[in-house]
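Heads up: the protein sequence lines correspond to chains B and L, in order. For the first sequence, this note's numbering gives the first residue as 45, with consecutive numbering after it. For the second sequence, this note's numbering gives the first residue as 531, with consecutive numbering after it.
None of these hints come from the bench; they were simulated from the model. In this text, a Cβ means the ideal position worked out from N, Cα and C, and glycines have one as well. Be careful, since some hints might not be right.
Computed list of chain B residues with no C-beta within reach of chain L, every gap over 10 Å [as the list claims (entries may be wrong)]:
#1 A137
#2 A151
#3 E159
#4 I170
Label-pair ranges, simulated between beta-carbon atoms [unchecked claim]:
#5 B:T82 - L:E573: 33 to 39 Å
#6 B:P76 - L:T682: 52 to 58 Å
#7 B:Y92 - L:A581: 22 to 28 Å
#8 L:S562 - B:P76: 19 to 25 Å
#9 L:S619 - B:L104: 16 to 22 Å
#10 B:I155 - L:V572: 31 to 37 Å
#11 B:S115 - L:P579: 19 to 25 Å
#12 L:P561 - B:N165: 43 to 49 Å
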Amino acid sequence: MSAPDLAGFAAAQGRLRQTLGVNAEFITGSAPTWPSGTPLDPETGRPYDPFLEPQVPGALTSTVVRCSFVSRPLASDDPAQSPLGAADRGSAALILTAAAYATVKTAKRVIVGAETYELQNWRQDIVAGMVRWIAYLEHA
Amino acid sequence: MAVSRITREDFVEQSVTDYLRHQIFDVRGYPSARVELVEAFVESRFEGPLAKNYLAIGFNFDDGGRPLEMGSNLLSRQYTIEVWVIGLSAQEGRNLANAVRDALESDQRVPLKDITQAGGPVIDYLIVDPVRTARQPVPEPKPWQEFLWIVTVPVTDEYDPSQ
């Protein structure tokens with residue numbers, strides 16, 4: 045029995061992403077700078093005073109990554125639990141390579157087309173030794 | 531007090547509102563671009579995402595009053611004032627709610643102004659009893675209800691209603 049063409053599979057994944065994927069714009073913010081001596085909450089890294097203006101505001105950087113995109117526009121709760129029927133939950137996901145993940149893993153928001161999403165969670169996915177990362181999104 | 535359509539309760543409401551506004555914005559320096567004090571509100575004002583944090587002050591009820599001293603007309607009436615803190619986030623809402631409590635408890639009294647006179651001279655003082663702060667969990671909250679606190683402020687007015 046011949047060995048599976050794992051390299052070919054990986055290449056096919058890349059072609060699929062290039063052909064049918066999307067250019068997702070990941071928005072990353074740098075940490076703001078606070079006045080000297082400002083006491084910081086160790087849990088959040090931000091000042092205890094939520095109304096304190098930073099000395100240097102955190103800058104936003106944008107990184108565009110080619111990703112596969114999946115969306116789940118309609119979802120329903122168990123009717124035994126909730127009367128709410130099918131509704132747009134604004135859920136979506138992006139699939140990107142491990143190399144791309146390294147450049148955008150601290151991002152909080154993603155723009156895909158005309159929609160802006162909050163990045164909820166990252167999950168690693170391994171198929172035939174090929175590492176991918178899945179970003180779970182919700183409408184901002 | 532001369533008969534007027536402006537009642538002593540109007541004095542109480544305006545005095546507490548002015549005192550809170552001074553304490554929050556002038557003394558504690560909260561930015562007006564991020565915090566706004568409103569007196570009563572209709573829900574339609576807060577439809578959709580909020581642009582800033584809000585302090586909505588409401589004068590809801592009093593205890594009816596009780597005689598303070600035998601042989602005199604002195605009356606002690608406790609007003610319960612509720613300040614609704616509508617926050618943009620849990621951190622800002624909690625901070626503002628505690629700042630409202632601190633502002634009203636710090637001196638344990640609020641100057642009562644005669645708003646019918648020019649300059650609003652201080653004619654008396656309201657006694658501030660211990661202030662209670664509570665977050666209001668709302669199932670399926672609207673945007674303005676997501677980070678909502680109610681600060682309950684009991685203030686006591688002791689006066690002679692016949693004057």
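- Item | Separation of I170 (chain B) from chain L, once the least beta-carbon distance is taken, above 10 Å | At roughly 37 Å from the nearest Cβ of chain L, I170 (chain B) sits farther out than 10 Å, so the non-interface label holds.
- Please test the hint of 22 to 28 Å on the beta carbon pair from Y92 (chain B) and A581 (chain L). With a Cβ separation near 24 Å, Y92 (chain B) and A581 (chain L) satisfy 22 to 28 Å, so the hint holds.
- Message: I want to verify a distance hint. Is the separation of the beta carbons of P76 (chain B) and T682 (chain L) within 52 to 58 Å?
- Response: violated, 35 Å
- Item | Closest CB of chain L to the CB of E159 (chain B) still more than 10 Å away | holds, 16 Å
- Say whether it holds or is violated: A151 (chain B) keeps its Cβ farther than 10 Å from all Cβ of chain L. Non-interface label on A151 (chain B) holds, nearest chain L Cβ at 20 Å vs cutoff 10 Å.
- Starting from the hint 43 to 49 Å, judge whether the C-beta atoms of P561 (chain L) and N165 (chain B) obey it. Hint violated: Cβ distance 34 Å, outside 43 to 49 Å.
- Task: Just tell me: holds or violated, for the beta carbon distance of S115 (chain B) and P579 (chain L) against 19 to 25 Å?
- Result: At roughly 23 Å between Cβ atoms, P579 (chain L) and S115 (chain B) fall inside 19 to 25 Å, so the hint holds.
- Task: Hint says 19 to 25 Å; check whether the CB-CB distance for S562 (chain L) and P76 (chain B) agrees.
- Result: holds, 21 Å
- Query: Are all C-beta atoms of chain L more than 10 Å from that of A137 (chain B)?
  - Reply: holds, 25 Å
- Just tell me: holds or violated, for the beta carbon distance of S619 (chain L) and L104 (chain B) against 16 to 22 Å? holds, 19 Å
- Item | Distance restraint hint 31 to 37 Å, applied to the beta-carbon atoms of I155 (chain B) and V572 (chain L) | holds, 35 Å
- Look at the Cβ atoms of T82 (chain B) and E573 (chain L) and judge whether their distance stays inside 33 to 39 Å. Because 37 Å falls inside the window, the suggested range holds.
The structure fails hints 6, 12 (numbered hints given earlier, in ascending order).
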